[in-house]
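S.K.: Each chain is listed here by its residues.
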Amino acid sequence: MADQGAADPGNNNNNKPEASEGTIIKVTVKTPKDKEEIAIAEDASVTQFKEEISRRFKAKQDQLVLIFAGKILKDGDSLSQHGIKDGLTVHLVIKTAQNTSASSSTSTQAGNTSASSPDTNPSSTAGSTGTTAPPTQTPNILTGFGDLAGLAGLGMGSANFMELQQQMQRQLMSNPEMLSQIMENPLVQNMMSNPDLMRQMIMANPQMQQLMERNPEISHMLNNPELMRQTMELARNPAMMQEMMRNQDRALSNLESIPGGYNALRRMYTDIQEPMFSAAREQFGSNPFSALGGTSESGAQPSRTENREPLPNPWGPPNSSNPSESGGATTGSTSTSGGTTPSVSNPLGINPGSLGNGMFNSPGMQSLLQQISENPQLMQNMLSAPYMRSMMQSLAQNPELASQNPASSPSSAGTNTAQQQLMQQMLQMFAGGGGGGGSTQTPEVRFQSQLDQLSAMGFINREANLQALIATGGDINAAIERLLGSQPS
Amino acid sequence: FIVGVKVPRNFRLLEELEEGQKGEGDGTVSWGLEDDEDMTLTRWTGMIIGPARTNYENRIYSLKVECGSRYPEAAPTVRFVTKINMNGINNSNGTVDSRSIPILAKWQNSYSIKIVLQELRRLMMSKENMKLPQPPEGQTYST
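Chains as they are written, first to last, in full-length UniProt numbering: chain A, 1 to 489; chain B, 1 to 143.
One or more of the hints may lead you astray.
[Stated by the list, open to error] Residues from chain A shown here face chain B by an in silico Cβ test under 8 Å; the list is partial: (1) K26; (2) K30; (3) T31; (4) P32; (5) Q61; (6) V65; (7) A69; (8) G70; (9) I72; (10) T89; (11) V90; (12) K95; (13) T96.
[Claimed, not checked] Restricting the straight-line Cα-Cα distance to at most 30 Å, the calculated cross-link-like pairs of lysine-lysine (DSBU-like) are: (14) A:K35 <-> B:K114; (15) A:K60 <-> A:K26; (16) A:K30 <-> B:K83; (17) B:K22 <-> A:K35; (18) B:K83 <-> A:K35; (19) A:K30 <-> B:K114; (20) B:K106 <-> B:K131.
Derived by calculation from the structure, the hints in this document are not laboratory data.
Glycine included, C-beta positions come from ideal geometry on N, C-alpha and C.
So that you can see chain A by itself, here it is in the shape it has in the complex (with noise of 0.2 Å):
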């Protein structure tokens, strides 16, 4: 009776299901993603138990941790010592190399037997590194909220806005790691992907349209689909945008060494960077999205003249957001891509953390939903921002947009259900208010002069501009078409 060996691995000799012989059992081997059935024998050790498994699992032996009844199986126990049976079930653990530092003490043990893994937590560091970028970015992704998010912040009923949002930023500011949650939480996301949205928003900046209306090259900037998307994914994906601000550096620092270069970069400087800067200041980021720059021609054009120099952090106190001394410049805005400085890529710098997401989800949005419903007074400040106007506005007419926010928030499932009712009932509130009272953005009036180009080109059927207007967001060449594939000639 010596055939029947746990030294038959896969053998189907071994199928009878009891240990009628008393030596092999079946266990199950469990991890997280896998199931397999082990036949072994009932006084094998842990280390040929694991033998099997590594062959099984095509995992090398000393990848694999075995756990069962909450205890971590040693090489040199026995299965029945911890009385591993026939039928029951080893939970198994295979090593990846990152995360190796031989747990070896898990249990009992006292001290450090690993004391000092060098790859420590990798998955934790390439997680830090992710975050690099986000962190020095927090200082604005308060401001980015605007006053929404300024109320967020700890606003202990305080009506001071400003006051407000330095409090959420100091908040964020000791939470690096939130960025990047906000970041991966798909109601940015949301909120990223639609163009139109972004679009409105910046544009509901009376500065923005100043400058807008000084440097159309800005608007058609705002006003090309593909480039706000482009400036979206960016900020979706900091290190994509690090790429892109070094990208842009050094098409910058070509462009220095074009003969007039400089002085072209001066001057753009001072036509585009200034105004911003102070309207930005100013606004203290009523604004959050500063801008949705375009990138796209961050190439040596002096003769364009978009703006290409990287544009100081517009919130930028703690960022010495000065690139402004062109011949640094260069470096100055990497350097202070922390804040979303606006560059090249990123003209207005739009910080990705910035973007929506906190405003439903961060712990501070809570406490200032708890606060709304306790204090009318706040509420009522709230609506008044004109930011806030504005961005119901766009809410409201993207009705889906809005009803998609706080139902696609996942932590909504969480304890924020009432939070989630309480958004709703706001948006409803302020899409009733912001549609029908003060505010003066009727569509018609938004689009009045999309409208008159139109008609100056010769679509005369205005309630049809108007529809495709509203649907584009104001987006002219997009309303075109809209307007040419429903009308056949």
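We have chain A; now place chain B onto it with these hints.
M.R.: Frame of chain A; chain B shown alone:
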């Protein structure tokens, strides 16, 4: 079982013991008696496998769970043996603060050791915990 019936402590714990040995559940937590001879079924060891995509990933956390005489009417006390950085876990000795972990704070007699372990694992995945920097792997609290 029937709601409202109070199952004697030992019956419950024996059930949990069996469940732990059969490896019920998704394989991400494991629990068993610390000492097989422990007739009072008081001291248990638990294990949590750190969830993926968090800073706890791929780590195995060992815990000690103590089911007092009033279990399951009263919540067990839980303590991490493996060092961990997580909200609600005492940084110097690994004890789990019963007031910060929701199911311990609002314990019900239908909860079990498995549920506690699973809940702790779930909390590892929460936004506030998942990216907390962790001590080097394999360190334990010295008690």
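S.K.: None of the hints should be skipped; say for each whether it holds.
M.R.: For each hint, the structure was consulted:
no. : hint              : in the structure
1   : K26               : 13 Å, violated
2   : K30               : 4 Å, holds
3   : T31               : 7 Å, holds
4   : P32               : 6 Å, holds
5   : Q61               : 17 Å, violated
6   : V65               : 6 Å, holds
7   : A69               : 2 Å, holds
8   : G70               : 4 Å, holds
9   : I72               : 7 Å, holds
10  : T89               : 2 Å, holds
11  : V90               : 7 Å, holds
12  : K95               : 6 Å, holds
13  : T96               : 6 Å, holds
14  : A:K35 <-> B:K114  : 20 Å, holds
15  : A:K60 <-> A:K26   : 21 Å, holds
16  : A:K30 <-> B:K83   : 25 Å, holds
17  : B:K22 <-> A:K35   : 13 Å, holds
18  : B:K83 <-> A:K35   : 29 Å, holds
19  : A:K30 <-> B:K114  : 16 Å, holds
20  : B:K106 <-> B:K131 : 26 Å, holds
Against the hints set out earlier in the document, violations occur for numbers 1 and 5.
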